[in-house]
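Chain by chain, the residues run as shown.
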Amino acid sequence: MRYAMAVDTKKCVGCSDCVVACQTENKVPIGYCRDWVVEVMDGTYPQLEIEIRSERCNHCENSPCVRCCPTGASHYADGGVVLVTPDECIGCGACIASCPYDARYPHPDGYVDKCTFCLDNRVKKGLDPACVSVCPTKCMYFGDLDDPNSPVSKVLKKRKFKTLIPEAGTQPQLYFLI
Amino acid sequence: MKTNRRQFIKIGALGTGGIALAATTHNWSFAADLVKKYVAGDTAGQRTATYCEVCFWQCAGWVYKDEDGEIQKIIGNEDDPHCNGRFCPRGTGGIGQYHDEDRLKTPLLRTKENGKDVFKAVDWDEALDFIAAKMKGIAEKHGPECIALFTHGSGGAHFGHLLKAFGSQSITAPSFAQCRGPREVGFLTTFGDIIYSPERTDIRDSKCLVLIGSHIGENMHNGQIQEMSDAIDKGATIITVDPRFSTAASKSKFWLPIKPSTDMALLLAWMNVLIENGWYDKDYVERYTYGFEELKAHVQPFTPEWAYGITTIDPNVIRKTAKEMFDASPAVIIHPGRHVTWYGDDTQRLRAVAILNALLGSWGRRGGFYNPEKANVPDFPVPEFPTPKRTPTEAYEGKYNLANEVVSNGICDATIPTPDKNCSFKMWMVNGTNLMAALPNQKQTIDAINALELLVVVDTMPVEITGYADVVLPECTYLERYDMLRKSPHREPNIAVRVPAAQPKYNSKPADWIAKKLAEKLGLDAFFPWKDMEELLDWQLKEIGSSLDEMKRIGVKKFPRTYDDLYFAPGEDVSFNTTTGKIELYSTDMEAEGFDPLPVYTPHEEPAEGFYRLIYGRAPMHTFSRTANNPNLTDLMDENTLWVNPKVAKLWGLEAGQEVKLKNQDGIISTFAIKVRITERIRWDSVYMVHGFGHNNKKLSRAHGRGINDTELITNVKVDPVMGGTGMRSNFVTFITDIYSTENEKKS
Amino acid sequence: MKEELIISGRMNQFIDPTLHIWHWHIPLYLFLGGLSAGILFFAAYFTITGKEDKYPTAVKLAPFLTPVLLSVGLLALLLDLKHKTYFWRLYTTIRIESPMSWGAWTLMVVTPLSFVWSALNIKTLFPNWDWKYKFLYDLEAFFRKNIKPIAWILLIFSLILGVYTGILFSAFNARPLWNTSILGPLFLTSGLSTGAAAIVLLSRNHAERLTFARIDLMLIGIEVFLIIHMFMGFLASTQVHIEAAELFLGGPYTTPFWLFVFTLGLAVPAVLEMLELKKFHLPYWIAPALVIAGGLIFRFLMANAGQASRWLY
Ligand SMILES: Nc1nc2c(c(=O)[nH]1)N[C@H]1C(S)=C(S)[C@@H](COP(=O)(O)OP(=O)(O)OC[C@H]3O[C@@H](n4cnc5c(=O)[nH]c(N)nc54)[C@H](O)[C@@H]3O)O[C@H]1N2
Ligand SMILES: Nc1nc2c(c(=O)[nH]1)N[C@H]1C(S)=C(S)[C@@H](COP(=O)(O)OP(=O)(O)OC[C@H]3O[C@@H](n4cnc5c(=O)[nH]c(N)nc54)[C@H](O)[C@@H]3O)O[C@H]1N2
Ligand code: SF4
Ligand code: SF4
Ligand code: SF4
Ligand code: SF4
Ligand code: SF4
Ligand SMILES: [Mo]
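Protein chains in written order, with our numbering: chain A, 1 to 178; chain B, 1 to 748; chain C, 1 to 313.
Rather than coming from a laboratory, the hints here were simulated on the basis of the structure.
Careful, some of the hints might be misleading.
Said to hold, decoys possible - Pairs of lysine to any residue residues, derived as SDA-like cross-links and limited to a Cα-Cα distance of at most 20 Å, are as follows:
| # | chain 1 | residue 1 | chain 2 | residue 2 |
| --- | --- | --- | --- | --- |
| 1 | C | K82 | A | P108 |
| 2 | C | K2 | B | W684 |
| 3 | B | K253 | B | T237 |
| 4 | A | K125 | B | D66 |
| 5 | B | K323 | B | D281 |
| 6 | B | K259 | A | P46 |
| 7 | A | K138 | B | K675 |
| 8 | A | K27 | B | E70 |
| 9 | A | K10 | B | E218 |
| 10 | B | K234 | A | L145 |
| 11 | C | K148 | C | L61 |
| 12 | A | K10 | B | T237 |
| 13 | C | K82 | A | L145 |
| 14 | B | K323 | B | I275 |
| 15 | A | K124 | A | Y111 |
| 16 | B | K675 | C | L5 |
Looking at chain A on its own, in the form it has when it is part of the complex (with noise of 0.2 Å):
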């Protein structure tokens, strides 16, 4: 099981709706975020144009944030979730710093968090995480990679997509639809 998502940047509009639906799904503090959004614009007027993304935790891989936690907070779970157990976090920070995404925040109780694909308050249930469900234009995709029916696999087949700082060595599994 490896479980990914995929984002359309050409429907993304950019409302930020995935962003305040995770907040009030996971009950990510005012003031944090675990999702955030990203506008590219390239041109002169009015020769222009634009990429939307709504970006959040890649679940890497090979993934430096596991990689260089010195308590084994940050883990793999399943489907290649990356997921930090607040009760052995020790705030020490290595994550935040070894993310070339910066998907990582100190949540104000003092252990490191981000994105957990709402794994366990979701996903094992059944449903999509809180963004993909609310996005207005539908433009998320998310699902197991190893099964050839799931949204995302079915996306990723039928469109063209890049990841983002593939060069980085992190093999990223959040996809981005061009």
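Start from chain A and add chains B and C with the ligands according to the hints.
Here is chains B and C with the ligands on its own, set in the frame of chain A:
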């Protein structure tokens, strides 16, 4: 109070009573917290049906609580055709409205303390007794018609009912003359029917969607954005006409970067191309329309080359896009937009949009405009309302005869007494509309307010308009109350229910309770014969074969259509609700009122040297000014920025993130400064900002002083003679880079 | 024009616009670790080579500093932790891939040994010291008998500690400036150099001072070589690495680095030490003080600039 000039009440001006009451309120809520903790029991996963009030799309959803019994999240109702189980960011963040600790907490009464106006916290009885006494006095002296209700949102039903029972029909909303009015009148005069909300646009099956200024994607009206995304998936062509590279433009096959205020020329040129090339639905036009020959002759001179000189749009692009529309027809939508009060000739522009749709045969066709149907729910029986001696339209005598709703600015103007007016308004009740942000020309609004004997404001937040009130009534949020059933027209008739998920916080009350209580004090009990909302709703629901219990369980209920008439049947004979019974390309109504029966292009004002056209729009995370203090949504965006083209920035030496103030053509300087965003996404003749920021009520701890309120710079208002709409985009601003010296300049 | 912006989210004060998760604690901790490693290395080395009497400061006196330095360093680390009460979790597992982990374990070995070492030499400071209890005397005797193996352990672990202070950073691929294998040897060299400088400062013995000045001079030479190598490596690498190097080559860190670290912390002391060796008599403490200050500033600059360097995407 009548003779006094009203002082805007600022923070700290809370009377002594207020402090005492605020303290007790605090204790009360602390006790409530304890109760919640120990009595609530297992609340995790509990859900309550509601429909969203953060904007007027009114999506139905479920409110969920966490283990502590606290409201945690709102999720869309899967069965709801408005949202299909997905809320927009504002709806998802709607819980912030409930949690906002800056909310209005108790009724406030304007009093004088040491010669200064202050608010005194009072209890509900005192506040409502005061209002009732005043209302009776005004009714005796001037007649009940001299009371007007400005309202936006669900509370309008309750207060409107009260006002009608009292004897006034002057009920108005900014969603007409500041918003949809021109499009409804433009389509009414053409097709004999309006667009409604949610719009009857069949976007999900459209093959070509043309957006004229309509910035879906930033305008987050949920069904529209969802269906636009479906259409993208199905490979529909999107054509966007906008001087700004909007999000929708970035998703479009064609972006037409039009010079602002010149859309009419483009629309006429499109008609010209369609007709000249025979690219129109000949059968449809022949069968259903009136005045084609006149139209053909009328648009003959308006070639793409002619339009190029006006709009700066390449003539080939005009032809190519016209062909795209024709190829997709009748599954094509020239979108009517929603906020369309731009330049004062807006009804005519929307007439042009309607005519284009008629030529392409999209009205009544799949992928064009469907025929919506509304659930038929009976009203709870009440005595007949008294007939007012004056209708509201008499306030703006002889003007705006084609307006199909009451014109807010018409009421506002009529409130300012002049020798020729026999009776102007003496009291306003303002519910759920921050007139200082919604109505342009703030001075006019303030002059009108100063002429009132009583201003009652019902709101959830201490906003600008509450500062002018004599009585402020704190309404609880939509998550804490019942409201009337939602029964908006859609493909399938449907209803949705709103049930309180929590007790009202502080000393706030729902509008239905306020209206009923006030009615009792006015001796109008007979008009409010129900015990409470549960009884009222249950009665209504049982009449249509449901019940409140069922609705609490399902939230949304759909009904079968009465007729199979979502679209016209092929070759069907259709009678339109116009004078000629046809789709009036040539409008007899317009002609009868002395307006151009066929739309004509008129040039609009242009910015002077050193000035830039001020255009504004929506950000997906906010609704007007009402969400600017919402803790969840300010987390996403906490101020607006001023979009400036790099060329302009260079000319003025502006740097990204620099704060500037703006001065408009009438010398009005913005209260606050705004950060510059240098971006290619905006033309060099315009600047852009998101509407709804720049709050100056200090009690809004997150919103105060963040960004600029575009409304204060909109002083040049182009009123649409057809229906009274306030054209707001003929205002021009220049930069003030030394933001501190201007503050002095303003003070002195 | 290219415009790249975060529309929403990422209201994370520790991440944007650049990472600043680590403040003064970590660079101080690394500096103190490196300095202690340097001192203990020399103490162990000259014990193993049997030159205790020739270099009394290095072997006996200077190591007294290390329990203090290491404790302060560990305290800084503890203060830096945001979930402090879970500190003990560091010692429930050994994670070879995590420099933080083996750093913690290395300190777990080195710190007690630094106490032992000081205890064995306590009489150099307090000639009348009395252990009071017999078992303490027994313990002292036990350690003294095994001084050679202990010195060997110390030698190895002080080298590991020195390298670790650099590897902690260089393990972070995500920060291009840290992403160089030179950082390990470089920080080790710098640590040894500050250790040697500390010995010079403390030593009352002219010959010992001269020896360590000579050692320090050599270490400074290696350091300069490594620094030049590091920048050349960056400049020959990808765009992000070039940009990282540019933080020091024209960017905001240029002046502090080239003035305080390179000139005052390396070049000037090197010249002074050369003059010293050529028998010019200058106040002997200037050169080592500059070396130590330079080493400290170097850690701070690398910590901050590293956090400011990032991948662009
Ligand atoms: N300059 C400028 N003016 C505009 C527009 C623009 O884009 N620019 N847009 C125009 C358009 S399209 C429209 S539709 C109008 C919208 O105009 P309004 O609907 O008046 O918009 P808001 O400024 O959000 O004011 C809403 C008020 O309702 C309060 N409120 C929110 N929820 C509740 C509730 O449940 N109960 C009660 N009692 N009060 C509540 C909020 O606190 C706020 O004070 O504005 C129009 N005016
Ligand atoms: N997130 C969010 N969504 C909302 C609302 C909200 O408050 N927040 N409000 C809702 C309401 S009530 C309404 S009425 C709608 C309004 O939404 P729309 O009807 O889409 O709004 P407009 O004001 O017509 O559109 C603003 C756009 O017009 C462009 N524009 C400016 N001048 C011109 C011009 O001269 N010609 C052309 N072609 N374009 C021009 C601007 O660049 C901007 O992109 O949004 C609704 N949706
Ligand atoms: S909710 Fe969907 S459309 Fe909105 S920003 Fe997130 S991914 Fe994009
Ligand atoms: S994105 Fe960052 S936090 Fe997520 S797995 Fe990869 S390295 Fe770790
Ligand atoms: S902060 Fe926590 S999760 Fe991150 S590396 Fe340190 S212990 Fe591991
Ligand atoms: S997958 Fe879950 S945790 Fe991750 S960003 Fe989406 S909602 Fe948040
Ligand atoms: S569109 Fe958004 S804000 Fe409007 S009603 Fe629906 S969920 Fe609420
Ligand atoms: Mo509107």
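Hint check:
no., hint, in the structure
1, K82(C) - P108(A), "holds (9 Å)"
2, K2(C) - W684(B), "holds (17 Å)"
3, K253(B) - T237(B), "holds (6 Å)"
4, K125(A) - D66(B), "holds (17 Å)"
5, K323(B) - D281(B), "holds (13 Å)"
6, K259(B) - P46(A), "holds (12 Å)"
7, K138(A) - K675(B), "violated (33 Å)"
8, K27(A) - E70(B), "holds (12 Å)"
9, K10(A) - E218(B), "holds (15 Å)"
10, K234(B) - L145(A), "violated (25 Å)"
11, K148(C) - L61(C), "holds (18 Å)"
12, K10(A) - T237(B), "holds (13 Å)"
13, K82(C) - L145(A), "violated (36 Å)"
14, K323(B) - I275(B), "holds (11 Å)"
15, K124(A) - Y111(A), "violated (23 Å)"
16, K675(B) - L5(C), "holds (15 Å)"
Hint compliance for this structure: hints 7, 10, 13 and 15 are broken, all remaining hints hold.
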